[in-house]
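J.: Below are the chains, spelled out letter by letter.
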Amino acid sequence: MKKTLMALAATTLLAAPAMAEDVKLGIILGFTGPIESLTPDMAAGAELAIAEANASGNFMGGTNITSVRGDSTCIDSAAATATAERLVTADKVDGIMGADCSGVTTAILQNVAMANGVVMISPSATSPALSTLEDNDLFFRTAPSDARQGQVVADILIDRGIKTAAMSYVNNDYGKGLAESIIENFTAAGGTITISAGHEDGKADYGAEVGALAQAGGDILIVAGYLDQGGKGIIQASLDTGAFDMFFMPDGMIGDSLPEAIGPDLDGSIGSVPGTDSKGAAAFADMASAAGFAAGPFAAESYDAAALMLMAMQASGSKDSNVYKNSIMDVANAPGIKILPGELGKALEAIAAGKDVDYVGASAVELIGDGESAGSYAEIVVKGGKNTTARYR
Amino acid sequence: MTDILNALVIFANFVLVPGLAYGSQLALGALGVTMVYSVLRFSNFAHGELMSFGAMTAILTTWALQSQGIGLGPLPTALLALPVAIVVTIAVALIADRAVFKYYRKTRAESVIYLIVSLGVMFFLGGLIRFIIGPNDRVFTDGQRFIMKARSFKQMTGLNEGLAIKMSQGITVVTAFIMVAFVFWFLNKTRTGKSMRAYSDNEDLALLSGINPERVVMITWIITGALAAVAGTLYGLDKSYKPFTYLSILLPIFASAIVGGVGNPIGAIVGGFVIAFSELTVTFAYKKMLTYVLPETLAPEGLVQALSTEYKIALSFVILTIVLLIKPTGLFSGKTI
Numbered sequence: 001m002k003k004t005l006m007a008l009a010a011t012t013l014l015a016a017p018a019m020a021e022d023v024k025l026g027i028i029l030g031f032t033g034p035i036e037s038l039t040p041d042m043a044a045g046a047e048l049a050i051a052e053a054n055a056s057g058n059f060m061g062g063t064n065i066t067s068v069r070g071d072s073t074c075i076d077s078a079a080a081t082a083t084a085e086r087l088v089t090a091d092k093v094d095g096i097m098g099a100d101c102s103g104v105t106t107a108i109l110q111n112v113a114m115a116n117g118v119v120m121i122s123p124s125a126t127s128p129a130l131s132t133l134e135d136n137d138l139f140f141r142t143a144p145s146d147a148r149q150g151q152v153v154a155d156i157l158i159d160r161g162i163k164t165a166a167m168s169y170v171n172n173d174y175g176k177g178l179a180e181s182i183i184e185n186f187t188a189a190g191g192t193i194t195i196s197a198g199h200e201d202g203k204a205d206y207g208a209e210v211g212a213l214a215q216a217g218g219d220i221l222i223v224a225g226y227l228d229q230g231g232k233g234i235i236q237a238s239l240d241t242g243a244f245d246m247f248f249m250p251d252g253m254i255g256d257s258l259p260e261a262i263g264p265d266l267d268g269s270i271g272s273v274p275g276t277d278s279k280g281a282a283a284f285a286d287m288a289s290a291a292g293f294a295a296g297p298f299a300a301e302s303y304d305a306a307a308l309m310l311m312a313m314q315a316s317g318s319k320d321s322n323v324y325k326n327s328i329m330d331v332a333n334a335p336g337i338k339i340l341p342g343e344l345g346k347a348l349e350a351i352a353a354g355k356d357v358d359y360v361g362a363s364a365v366e367l368i369g370d371g372e373s374a375g376s377y378a379e380i381v382v383k384g385g386k387n388t389t390a391r392y393r
Numbered sequence: 001m002t003d004i005l006n007a008l009v010i011f012a013n014f015v016l017v018p019g020l021a022y023g024s025q026l027a028l029g030a031l032g033v034t035m036v037y038s039v040l041r042f043s044n045f046a047h048g049e050l051m052s053f054g055a056m057t058a059i060l061t062t063w064a065l066q067s068q069g070i071g072l073g074p075l076p077t078a079l080l081a082l083p084v085a086i087v088v089t090i091a092v093a094l095i096a097d098r099a100v101f102k103y104y105r106k107t108r109a110e111s112v113i114y115l116i117v118s119l120g121v122m123f124f125l126g127g128l129i130r131f132i133i134g135p136n137d138r139v140f141t142d143g144q145r146f147i148m149k150a151r152s153f154k155q156m157t158g159l160n161e162g163l164a165i166k167m168s169q170g171i172t173v174v175t176a177f178i179m180v181a182f183v184f185w186f187l188n189k190t191r192t193g194k195s196m197r198a199y200s201d202n203e204d205l206a207l208l209s210g211i212n213p214e215r216v217v218m219i220t221w222i223i224t225g226a227l228a229a230v231a232g233t234l235y236g237l238d239k240s241y242k243p244f245t246y247l248s249i250l251l252p253i254f255a256s257a258i259v260g261g262v263g264n265p266i267g268a269i270v271g272g273f274v275i276a277f278s279e280l281t282v283t284f285a286y287k288k289m290l291t292y293v294l295p296e297t298l299a300p301e302g303l304v305q306a307l308s309t310e311y312k313i314a315l316s317f318v319i320l321t322i323v324l325l326i327k328p329t330g331l332f333s334g335k336t337i
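These protein sequences, in sequence, are chains A and B. If you read the first sequence in this note's numbering, its first letter stands for residue 1, the second for the next number, and so on. If you read the second sequence in this note's numbering, its first letter stands for residue 1, the second for the next number, and so on.
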């Protein structure tokens with residue numbers, strides 16, 4: 001026993017110096033909780049970027065990159081903070097790819113990232129509140145703010161001649177922010193929201209919510225929730241009682257599992273999700289299927305978030321958050337060589353050679369304002385049990 | 001006249017029918033919780049996961065049956081899978097008792113220790129379930145989805161409003177009724193049931209009259225396991241199966257059991273319906289109904305909603321608090337079992 005312990009201690013000692021050279025990224029996503037069906041693909045997206053940079057051997061003179069996953073739970077700020085704390089203090093990560101949901105992202109940013117000076121790039125936190133939050137320039141997101149999505153939702157509805165809508169939103173930072181933005185834009189465009197009521201996730205029954213929504217009426221029901229959770233419950237119960245037969249589904253509701261679960265009744269419903277028709281998106285989808293995962297919602301944004309972080313480290317020549325945070329906007333935006341997914345090796349080489357890059361990536365990254373995606377959206381129409389893209393906005 | 005009918009149909013569609021189905025689901029769950037409480041004297045927090053385990057077994061069996069091409073026509077195949085689910089869930093409950101709870105019974109542990117232990121069992125079962133079937137949503141209904149569709153109801157009656165009754169809702173209410181009737185018959189008419197009631201009333205006296213405690217405990221777990229399997233499967237049939245929701249259904253179930261008077265089977269059932277209907281009636285918007293019933297000049301402009309649906313969850317706890325303040329033993333106090 002003693003010998004084993006000695007051997008263990010020895011190997012740890014031997015391993016430790018080698019590890020110190022590595023750059024370590026933390027991937028904090030809600031592997032359990034309301035969006036747990038999306039997060040495996042998102043994490044795989046980020047890890048794909050890391051694997052690509054490692055394979056190229058061009059990252060900071062051949063430095064190896066490792067990653068460690070942490071669970072944000074999506075809803076439990078205390079648990080997310082604890083996870084981030086562990087990743088930053090025990091695992092000593094050099095940057096955080098995450099978190100996913102707006103509430104936990106804010107909690108991690110304020111309690112852990114700012115306190116320890118660690119860069120965070122979220123692939124999917126879309127609350128408008130995050131745009132104005134004090135962040136010491138440490139926070140970026142490859143997802144657009146919901147202030148923009150509200151505008152897109154209103155445009156889609158008005159273009160389709162829909163004038164009245166009932167709305168149910170998930171009672172958290174994401175749902176409330178998006179609901180406010182939709183109300184503001186839709187009303188300004190001449191539409192009427194008959195009722196805007198919150199719902200809680202993971203409840204046993206949504207009969208009461210649907211009852212109230214149905215009585216208020218409307219041409220369409222906007223469900224600003226999560227597809228694995230209350231959002232699905234609301235849609236199912238509305239269809240079952242015949243309360244609504246057409247739904248608008250913002251980004252949290254777009255995923256393959258929803259049309260699969262609901263079936264043909266969902267056909268004809270519409271939605272919006274961040275997306276582009278750029279070459280990058282297609283290239284990323286190919287890479288994802290080759291790597292054995294699906295380029296689902298926010299997987300592209302996750303890939304881009306990790307890629308941006310690595311390129312910024314390369315450009316600043318440092319893995320210190322307070323140094324490389326200043327390079328993120330440079331590598332993300334013009335001018336420079338356009339970089340698509342699968343070209344990370346080329347990008348790292350170009351940066352090392354002192355050239356400027358303009359990362360396009362899988363989601364046509366263009367960071368504006370305080371470091372958030374400008375936001376192009378795909379207009380989704382459910383056809384034959386599948387989410388299909390009608391056009392891009 | 002048609003106006004009144006329309007108003008009634010709205011009420012039936014959005015309050016009565018969903019309330020009956022949800023109430024039955026809660027009642028079955030609360031009955032299981034109450035059985036364990038009255039005989040074994042602890043709050044079994046693992047009950048939600050036990051339900052989940054039953055539902056999972058039913059799903060796996062349903063898939064096996066479907067792959068063999070066996071079905072029930074208009075009824076969901078899950079009904080055929082139910083006996084298998086019941087047997088497996090009973091086995092799980094008995095194993096949990098042998099492996100965990102038996103030790104604490106021997107040491108005569110405090111009920112709060114039991115409660116914490118049942119939390120441990122809950123987490124273990126939850127992990128096991130996610131290990132076997134994963135955390136994702138599973139829809140396993142097949143056969144006919146509706147007994148009555150909203151649209152065909154409108155055509156049939158010529159009314160403006162539709163009434164939808166899902167197959168799963170019908171099955172839920174009928175099955176719940178059969179289960180409850182069976183449990184009551186068992187407790188009141190059979191020798192074993194009577195010995196259970198005796199054991200629950202006074203443990204020492206029951207022991208003196210030669211009742212075998214281990215047997216009583218075993219029977220209790222068998223009934224609880226069967227109830228859990230049925231409740232879990234019916235709930236999954238009605239609302240699709242997702243392991244996570246079986247954690248959150250625990251709160252309304254406990255609220256039902258306590259409102260009705262924990263340890264009292266009738267209380268559990270009434271409590272289930274009280275919680276279900278209070279959630280639905282208080283947060284319902286009566287605008288459309290009143291517009292039908294009242295003369296035009298009096299028609300309401302607002303939604304006529306007592307409480308916004310956000311407060312739905314708080315509602316069961318408000319009721320719980322009121323009941324505990326006024327009648328701490330619940331609505332149906334008195335004897336246990």
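Honestly, the hints are just simulated from the structure, not real lab data. For each residue, glycine too, the CB sits at the ideal point set by N, CA and C. It is possible that part of the hints are untrue.
Looking from chain B toward chain A, a few residues come up when the C-beta cut is under 10 Å (computed) [unchecked claim]:
1) 18
2) 19
3) 130
4) 161
5) 182
6) 246
7) 248
8) 284
9) 288
10) 328
J.: Hint by hint, say whether it matches the structure.
T.: Results for each hint:
1. 18: 3 Å, holds
2. 19: At 7 Å from the nearest chain A Cβ, residue 19 (chain B) passes the 10 Å test, so the hint holds.
3. 130: With a closest approach of 9 Å, the residue 130 (chain B) hint holds.
4. 161: 9 Å, holds
5. 182: 24 Å, violated
6. 246: Holds. Min distance 9 Å.
7. 248: 4 Å, holds
8. 284: 5 Å, holds
9. 288: 5 Å, holds
10. 328: 26 Å, violated
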